[in-house]
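Asker: Between the sequences and the hints, there should be enough to build the whole structure, so can you do that?
This is what each chain is made of:
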Amino acid sequence: MSRTRRPSAQTTAVVLALAVEPSAWRYGYELCRELDLKPGSLYPILVRLADRGVLETAWETAPPTGRPPRHLYRLTGAGRTLATELAAATPRRTASPRRSEPGWQGA
Amino acid sequence: MNRVRRAYEFAAVTAVVAAFAAGYLTVVTSAPPSESPASYWTTALALAVPMSLWILAALLVVGFWWERAGPRLSTLDPPARLLATAVATLPEHRRDWGAAMTAELGEVQGRAARWGFALSGARAAVRLPHPAGWPALAVAAGLAAAVVAAAGWGAGAAVPGLGSFTAVFVGILGALVVLAVARSRRPRLPVLVLVVKLPVPAVTVLVTAGVAASLAVTVTTVHLDLREPASARIPSLGGGVLLATVLAICLWVAVAPPRWLVTERLPAHLGVAGALAYAGFFLFLVRWPGPADGLYLLGVWLAPVAAFAATGFVAGAVRRSFNSGVRAGVWTTVAVLPIGFAVLLFEGLRRYSIERTVLGADAGVRVGATLSDAIGTVLLVPLIGFPFAVIGAAFGALLPRRRAPEVRPVR
Chain D
0 MSRTRRPSAQ TTAVVLALAV EPSAWRYGYE LCRELDLKPG SLYPILVRLA
50 DRGVLETAWE TAPPTGRPPR HLYRLTGAGR TLATELAAAT PRRTASPRRS
100 EPGWQGA
Chain Y
0 MNRVRRAYEF AAVTAVVAAF AAGYLTVVTS APPSESPASY WTTALALAVP
50 MSLWILAALL VVGFWWERAG PRLSTLDPPA RLLATAVATL PEHRRDWGAA
100 MTAELGEVQG RAARWGFALS GARAAVRLPH PAGWPALAVA AGLAAAVVAA
150 AGWGAGAAVP GLGSFTAVFV GILGALVVLA VARSRRPRLP VLVLVVKLPV
200 PAVTVLVTAG VAASLAVTVT TVHLDLREPA SARIPSLGGG VLLATVLAIC
250 LWVAVAPPRW LVTERLPAHL GVAGALAYAG FFLFLVRWPG PADGLYLLGV
300 WLAPVAAFAA TGFVAGAVRR SFNSGVRAGV WTTVAVLPIG FAVLLFEGLR
350 RYSIERTVLG ADAGVRVGAT LSDAIGTVLL VPLIGFPFAV IGAAFGALLP
400 RRRAPEVRPV R
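So the sequences go chain by chain: D and Y.
To convert, note that position 100 of the first sequence is 99 in numbering that gives the first Met the number 0; the numbers rise steadily by one, no gaps.
To convert, note that position 203 of the second sequence is 202 in numbering that gives the first Met the number 0; the numbers rise steadily by one, no gaps.
Source of the hints: derived by calculation from the structure; they are not laboratory data.
Every residue, glycine too, gets a C-beta built ideally from N, C-alpha and C.
Please note that the accuracy of each hint is not assured.
Here are the computed distance ranges between Cβ atoms for each label pair [unchecked claim]:
1) R80(Y) <-> P62(D): 17 to 27 Å
2) A86(D) <-> T262(Y): 44 to 54 Å
3) A43(Y) <-> W58(D): 54 to 64 Å
4) T60(D) <-> P257(Y): 46 to 56 Å
5) W58(D) <-> D76(Y): 47 to 57 Å
Answerer: Listed below in structure tokens is the structure:
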């Protein structure tokens, strides 16, 4: 018998944020700012989603000179299905988890 | 000199001094109350010599490392250095995520924001989820705890005095297995993987045999000591824990070496050669008929210097690489501790059966004294020798590079 755990509020927020524009590649820092999440919370979520095949990752192909390529994220087909299910299960929830430690975001 | 480099050098020297200060305090506080204050000065002076060598070795390591990594590190601010250090600890299959966080930090503006991102990213680096999830780790940890408890209880019941020694030995190996499971892509036992990868490297075979022999002679010594009247507990709690820790770590490194130690074969081969040369030289000294005690003491001090300096220099010179020389020093340490201990204790027992004394001591001591003597002596070997491997590696790496043969045009 398989058991499906309900994703946490933060994971749900990340999946729904990525589902807003499913075909667009998103940056980690961009998601941090949008969702008011610290990287210490966001990256373990992204790793878990990628491990489960919900998230597709890629590296920036033409970064500006002197800057390393950034990591890009978007939902896979399974991720979009999950996003649809999560959106249906939480119709009133906004893509903004509980703010735990404010004040770290930069400009 | 670069301010960042000075900070690394200061940190390295501080770490060495702190380690020796801790060792000195341990020796002083565990000394009998009858010890005179003058003996504390003698101990401090005796430790000052190897400490100076270790400081020199630490400065060489920082210097050579800085030559390679310094230009990149100089361009990083402190938050970027913190994050780079944290993500460097990630296992291979998670390195991409470390690079992802490092790249994103480049987009964060403002000192406070950068510190916030780096600290939070460093926290993420140490708790990235395991591919198989926490249940696999919990099972591995539970199994390790059960084996430790059973081994400690069983050994303590079979040979009184060996319970804590066995529990620490098995406990460290168990902790290292759990750590390996945590860092692997899939749950697996590294030992089983290595057994499948035949042929097993010579260093693995020899170190494993050395650890097995060390355990055998330790059990024999404790067993013999228990037969003597008014026997105190041997090994002492501190000595037993120290010996168990050293043997467990050496066995683990030989069976499942970290990646940076196995990028080339030469250092491992040189390490085994250095350890065997030390053990052979020691046997020659103690079995050589004649006034051997003076030569024995000379061998105890000079043989490690020669073995470590030679392996570090040869590896460094062949590859013109400081890192190769340091790797050879590490392999020599890993090989010489179990092999040297087994030979020292075996020889001590043999001599005790003939003369009722241990090497370098008056007659009348108990057989258990051979164990304490062997532990103390073998720990001196890398303590004195390892800095010479680093110094040898530096000399070898700085030798002029060989010219490529000139290619003459064919007419």
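Asker: Which numbered hints turn out to be false for this structure?
Answerer: Hint check: 4, 5 fail, others pass.
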